[in-house]
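Produce the entire structure from the sequences given, and follow the hints as far as they go.
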Amino acid sequence: AGRWLHPADAGPAREVDRLMDARLETLSRLVGEHLQSRGWRLATAESCTGGWVAEVVTATAGSSTWFDCGFITYSNDAKCALLGVSPMTLARHGAVSEQTTAAMVRGTLERAEADLALSISGVAGPTGGSPEKPVGTVCFGWGRTGETPGTATCHFDGDRESVRYQAVVFALEELLRRYA
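So that you can map any letter, position 19 of the sequence shown is 19 in the working numbering, and since no number is skipped, the others follow by simple counting.
Hints may contain errors.
For lysine to any residue, the following SDA-like pairs were computed, each having C-alpha atoms within a straight-line distance of at most 20 Å [unchecked claim]:
#1 Lys133 - Gly158
#2 Lys133 - Tyr74
#3 Lys133 - Ser97
#4 Lys133 - Gln166
#5 Lys133 - Ser162
Cβ-Cβ distance ranges computed for the label pairs, FRET-style [to be verified]:
#6 Gly51 - His155: 21 to 29 Å
#7 Ser130 - Thr65: 36 to 44 Å
#8 Ala91 - Glu33: 37 to 45 Å
#9 Arg29 - Ser86: 35 to 43 Å
#10 Glu110 - Cys154: 22 to 30 Å
No lab work stands behind these hints: they were computed from the structure.
Cβ atoms here follow ideal geometry from the backbone N, Cα and C, with glycine treated the same way.
The structure is reproduced here in structure tokens:
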């Protein structure tokens, strides 16, 4: 059996500092205030960010009133099994596509007790890119129950962690822009 580590035993590079900085903390608080004022709950579907958006929002005190759940669907099989993304969508457009992130939003809203969903799928690198979808390409989806999801594609520079961080920030900033 394992043992719990005290945060002081984790060493000088605390993982929490990397996952949650002041910018992410502020974004999460603003998202929470916005959702609470409307009585909405959020759910997420993440691929390349590996649950980082869900980590950020659940690090915010009181988030249980406005956050329902997060799906980490890194593989195509998980996208199909957990979110109902069509294998045909993946075959035609790929996992990193606006069609796939829209399907991820729809699947999330069908499976969660949420009013609003966001999804992320991308190529964080350092490998996996192609001429059509180079490293740093990240697709996003946002949607409310009963509405057609909105989507966007961004191209971020930097290493793997930087691409993932920028994706988390963009997803939350755009959620506020679209639904404020």
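Self-check item: Hints violated by the structure (numbers, ascending)
Solution: none
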